[in-house]
Structure formats: structure tokens, C-alpha cells
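> Starting from the known structure of chain D, fit chain Y onto it as the hints suggest.
The listed protein sequences derive, respectively, from chains D and Y.
3 is the number of the first residue of the first sequence in the numbering used here; add one for each residue after it.
436 is the number of the first residue of the second sequence in the numbering used here; add one for each residue after it.
Treat the hints with caution; some may be incorrect.
Which residues of chain Y face chain D? A few of them, derived with a C-beta cut under 7 Å, are [what the hints assert, rightly or not]:
| # | residue |
| --- | --- |
| 1 | Tyr474 |
| 2 | Gly478 |
| 3 | Phe525 |
| 4 | Lys539 |
| 5 | Gly543 |
| 6 | Gln544 |
| 7 | Gly545 |
| 8 | Thr547 |
| 9 | Val550 |
Rather than coming from a laboratory, the hints here were simulated on the basis of the structure.
All C-beta atoms, glycine included, are put in the ideal place defined by N, C-alpha and C.
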Amino acid sequence: ETGVTQSPTHLIKTRGQQVTLRCSSQSGHNTVSWYQQALGQGPQFIFQYYREEENGRGNFPPRFSGLQFPNYSSELNVNALELDDSALYLCASSSLGQGAGELFFGEGSRLTVL
Amino acid sequence: AQSVTQLDSQVPVFEEAPVELRCNYSSSVSVYLFWYVQYPNQGLQLLLKYLSGSTLVKGINGFEAEFNKSQTSFHLRKPSVHISDTAEYFCAVRPPHGSGNTGKLIFGQGTTLQVKP
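One chain only, chain D, in its complex shape (with noise of 0.2 Å):
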């Protein structure tokens, strides 16, 4: 059973730029979910994806936009870049109807901006 996976890991952009992050959720969750963590700080929901839509969204900005895709995996974007995305995203997975649908994170990408 592979876990949840991110890719990249690092990266740099400067301001203005556009950034896309991705995700392979675990083996046989149909759930993903995206949050944002700040330095020094806990993780924020992003949103979360289900059946390849969006069906939860946190107090963040139309220009953080996702995907999902027929395999469950996911993309992150994020379009006209500011400082203060810079932050350590992750990506976590859950089975949507099994038990309380305990989340499994990936190790994030962490994301620059200057």
C-alpha cells in the first residue's frame, strides 16, 4: 500500500508567477484534501476534492484552485503569486464513507516566493 505522495518538494517563484502542486492520494481513499501551513504555525484548509469536485472550501481566495482527477489524484494551483503563499503545502487523503475518515498526509511541498 503506497501512501500519499507530493510532488515538488521544494520550489521557488517570484511574484506574480503561477504555481501548480501535485499529489497522488493513498491506495483506495477517494477523498483529497489541500491545506496551507505557514511557518510556525498550523496547517489552514485549502479545500478538499471528491468524485473530481469540489465539495469544501476554507477562507482562502479564487485564485487557489484545484483538480482531481479519475485516479484520485490531485493538482493544487496558484495563480498570480504573493509572498505570503509562501508556506509548506499539503496534501492528505481519505476514504469518503468509512468511519470518521482519518486523513493520511503526504510530506509537502514547500513553496518560496520572493
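Showing chain Y alone in chain D's frame:
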């Protein structure tokens, strides 16, 4: 709306000593409660969870937590810590209902546990 407060940002403790990391939550509805650990440069790993039933929950690596509904607390404890327990610990809550909430955890700010030899 739910919120989580971790009362200590840093907890220094000597090896083999007991430790308690405090967590209080605020919610007008029942919630599920979780503790996660994050080692440097890694993602989050689930230590334990409270869904219902017994208020004392046992997790991995010798950790346990007690759910106290009247005090809205979910403190994490370990009777004897090891150097390898040095990490960041996060308390989190999740509403139990609604499909859109499945992946939505509300985290506290985190507590850094520093175990000294």
C-alpha cells in the same frame, strides 16, 4: 464555528519525565478530536483520535489523551518521553457530519515538545 487553542507554544522536558500537552476546543456541536505529530521536514502523522465512547484514548508511541466534554479539553499525555519524541504536536477538531467536512480539520497553532537528555 469550531476553534482550537493549544495553550503552550513550547514545552521543554527532560528525557524519561512525564509530559502533558494541553488542548482546548470551542464548538457548538459535537466534534471529532485528533492529535497529530510533525517531525522536522515531514508531513503529519496521526497519534490518536476521539470519535465517541471511552473518554481515554490510547495512541501510538505510548501517547494517550483524555476527552473532557465539560472542560472542552483534549490533553495529550505520555508518562515517560524519549529524545525521539521531540517534534511539533497539533491538536485538531472536525465536525462529524457533512460530506464536505470529511477532509476539513481545524488545527491549533501547535506545541513544540523539546526533550532534553
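> Is the interface hint for Tyr474 (chain Y) satisfied, with its Cβ closer than 7 Å to some Cβ of chain D?
violated (10 Å)
> Restraint: Gln544 (chain Y) near chain D, CB-CB cut 7 Å. Satisfied or not?
For Gln544 (chain Y), the interface hint holds, since the closest Cβ of chain D sits about 5 Å away, which is under 7 Å.
> Against chain D, is Gly478 (chain Y) within 7 Å by beta-carbon distance?
holds (4 Å)
> Does Lys539 (chain Y) pass the interface check with chain D, least Cβ-Cβ distance below 7 Å?
holds (5 Å)
> Is the shortest C-beta separation between Gly543 (chain Y) and chain D less than 7 Å?
holds (5 Å)
> Hold the hint about Phe525 (chain Y) up to the distance rule: shortest CB distance to chain D must be less than 7 Å.
holds (5 Å)
> The hint names Val550 (chain Y) as touching chain D; please verify it with the least Cβ-Cβ distance against 7 Å.
Status violated, d = 20 Å.
> Tell me if the interface restraint on Thr547 (chain Y) is satisfied: Cβ within less than 7 Å of some Cβ in chain D.
Violated: closest Cβ of chain D sits about 9 Å from Thr547 (chain Y), beyond 7 Å.
> Holds or violated: is the Cβ of Gly545 (chain Y) closer than 7 Å to a Cβ in chain D?
Since the shortest Cβ distance to chain D is 5 Å, the answer is holds.
Checked against the numbered hints given earlier, this structure breaks hints 1, 8 and 9; the rest are met.
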